[in-house]
Amino acid sequence: MAIQLLIFAAALLSIFVSFYIKKSFPKLASAFNKEIPADYFHSFSRLFLIIGLIGIPVAVFNHFYFSLLYIMILMILSTIFGLSFAKKI
Numbered sequence: 076m077a078i079q080l081l082i083f084a085a086a087l088l089s090i091f092v093s094f095y096i097k098k099s100f101p102k103l104a105s106a107f108n109k110e111i112p113a114d115y116f117h118s119f120s121r122l123f124l125i126i127g128l129i130g131i132p133v134a135v136f137n138h139f140y141f142s143l144l145y146i147m148i149l150m151i152l153s154t155i156f157g158l159s160f161a162k163k164i
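If you want the working numbering, it's the position in the sequence shown, counting the first as 1, plus 75.
Don't take each hint at face value.
Capping the alpha-carbon separation at 27 Å, the derived lysine-lysine pairs in DSS-like fashion look like this [to be verified]:
| # | residue 1 | residue 2 |
| --- | --- | --- |
| 1 | LYS163 | LYS102 |
| 2 | LYS163 | LYS98 |
| 3 | LYS162 | LYS102 |
| 4 | LYS163 | LYS109 |
| 5 | LYS98 | LYS109 |
| 6 | LYS163 | LYS97 |
| 7 | LYS162 | LYS97 |
| 8 | LYS162 | LYS98 |
| 9 | LYS97 | LYS109 |
| 10 | LYS109 | LYS162 |
Label-pair distances were calculated between CB atoms; the ranges are [claimed, not checked]:
| # | residue 1 | residue 2 | range |
| --- | --- | --- | --- |
| 11 | PRO112 | SER153 | 18 to 26 Å |
| 12 | LYS109 | ILE78 | 19 to 27 Å |
| 13 | GLY157 | ILE131 | 19 to 27 Å |
| 14 | LYS98 | ALA161 | 32 to 40 Å |
Quick caveat, the hints were computed from the structure, so don't treat them as lab data.
Think of the CB as a built atom: it goes at the ideal place given N, C-alpha and C, for glycine as much as any other residue.
Required output: the full structure, derived from the provided sequences and hints.
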């Protein structure tokens, strides 16, 4: 039960991050005086939204391996975004 709630919270957080990236990060990139293409943010925003929407059924069905795979994919996506954004700044 607790795992379901945590995965559901991670899915909601991923959806929130998706909307936050789409709205705020281009302004942040311009604050660093770097030219970062808008499709960079759009693609990561879309990926976080897809992962967030996939997380809701994963939380409902509560299969151990699907949950573990979902957490791994979410962590890998977050790492790739963080490292690539750090390189661009």
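Evaluation of the provided hints:
no.: 1; hint: LYS163 / LYS102; result: holds (14 Å)
no.: 2; hint: LYS163 / LYS98; result: holds (18 Å)
no.: 3; hint: LYS162 / LYS102; result: holds (17 Å)
no.: 4; hint: LYS163 / LYS109; result: holds (8 Å)
no.: 5; hint: LYS98 / LYS109; result: holds (17 Å)
no.: 6; hint: LYS163 / LYS97; result: holds (17 Å)
no.: 7; hint: LYS162 / LYS97; result: holds (19 Å)
no.: 8; hint: LYS162 / LYS98; result: holds (21 Å)
no.: 9; hint: LYS97 / LYS109; result: holds (17 Å)
no.: 10; hint: LYS109 / LYS162; result: holds (11 Å)
no.: 11; hint: PRO112 / SER153: 18 to 26 Å; result: holds (20 Å)
no.: 12; hint: LYS109 / ILE78: 19 to 27 Å; result: violated (39 Å)
no.: 13; hint: GLY157 / ILE131: 19 to 27 Å; result: holds (24 Å)
no.: 14; hint: LYS98 / ALA161: 32 to 40 Å; result: violated (20 Å)
Consistency note: the structure conflicts with the earlier hints numbered 12, 14.
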